[in-house]
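Trainee: Using the sequences plus the hints, can you model the full thing?
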Amino acid sequence: MLDYLPPLNEHNLPYPDTIHPIVVHFVIAMVLFAFLCDFIGVFTKNTRLYEVSWWNLFFATVAIFIAVMFGQVEAGLAEPYAAVQTTLNLHTVIGWSLSAVLAGMTAWRFVLRTKDPQTLPVAYLSVSLVLVGVVCLQTYLGDQLVWMYGLHTVPVVEAIREGAL
Amino acid sequence: MDSDLLKQLGDSLGANGLPYPLPVHPNLVHITLGLFIIGIAFDIAGVLFPLEKSILKFLSLTAVRSNFFDVGWYNVLAAAIVTFATVAFGFYEMLLATPDPKVTSAWGLNAMETMLWHGVGGVALLALMVGMAVWRGFQRFAWRKDMIRQVQWSYIMAGLAIFFLMYVHGTLGAQLAAEFGVHNTADRLLRMGENPNLYFQQ
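Note that the protein sequences, when read in sequence, are chains A and B.
Start counting the first sequence at 1; every next residue gets the next number (my numbering).
Start counting the second sequence at 1; every next residue gets the next number (my numbering).
Treat the hints as calculated values from the structure; they're not laboratory data.
Careful, some of the hints might be misleading.
Said to hold, decoys possible - The calculated EDC-like cross-link candidates involving lysine to aspartate or glutamate, where the alpha carbons are at most 20 angstroms apart (straight line), are:
#, chain 1, residue 1, chain 2, residue 2
1, A, K45, A, D116
2, B, K7, B, E93
3, B, K102, B, E113
4, B, K102, B, D2
5, B, K102, A, E158
6, B, K102, B, E194
7, B, K102, A, E162
8, B, K102, B, D4
9, B, K102, A, E10
Mentor: Set out below in structure tokens:
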């Protein structure tokens, strides 16, 4: 079955560079910015920012599913060495959960927006603060996978192939 | 940076060559790219709004055209602001970089060439993004204030050209991380002949 796939390069990928870290640009930026817009909107009473927040959140939700798909492919090709496995497992579990939580938040926001686009309940704002926290934690774990453990970087892939790691 | 010069900092640098455990620049890059690209995308959605009406109606999504232009404006504005920090951290971390001098990237460049292009490109992109935010502001608050279509086609085209520059620039940055091993703990340990697996399990 593996014969149908393109050959793996020196990053152990069938395409030039990792795609997951590119797709997560959109999730991270839009979730954080959606929260910032709500926050500023509440304090300045500029309800136009609520719409900016909603559209950012909506597309962050579309993006996270693409991020999970590429994340799963690239995690599958990562061949993590023993020290990485706990972090990679945690990143995977939080990633899948986050896609569900984010979809739930967007659905909640959709209902709130349909009822009254001019106000935001405190409960929603509190939960979105928690969401921001989880996104930051998830980003931190992803950072560790790339920057500490070096998954899909040329020297680490080389060491794994040589059996040194 | 030359390793003799880096010695002047004593032992304040960790295994990744930075005084803190994870590089900051790549995280700010998420915000810069995510916000700018989505900002331009929403302006495109605003310009092409008549074509999307049937899709939005099919999805029962209420959307007002001017709100798409709001997203276009605020996202690009925020991207321009945050990019000052992105570039500042980029230069700080690049001054502390000790890439592998023996490596040539997939684009045939060595570490020094890649860092120089990525540094110059970063400043150029910052200037372009600030210019775009200012241009966008003029369209929103002066030139096209009362028009239904708030952005000019030339602005959209400039945005798409910047996307291409971002792709080239981002790939150079990715090569610094994943090929030259800049500030990458495991890569640096391997270059020093250490085993990252044993190091991290200690």
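Trainee: Work down the list of hints and note, for each, if the structure agrees.
Mentor: For each hint, the structure was consulted:
no., hint, verdict
1, A:K45 <-> A:D116, "holds (14 angstroms)"
2, B:K7 <-> B:E93, "holds (16 angstroms)"
3, B:K102 <-> B:E113, "holds (13 angstroms)"
4, B:K102 <-> B:D2, "holds (15 angstroms)"
5, B:K102 <-> A:E158, "holds (15 angstroms)"
6, B:K102 <-> B:E194, "holds (18 angstroms)"
7, B:K102 <-> A:E162, "holds (19 angstroms)"
8, B:K102 <-> B:D4, "holds (18 angstroms)"
9, B:K102 <-> A:E10, "holds (16 angstroms)"
The structure shown violates none of the earlier numbered hints.
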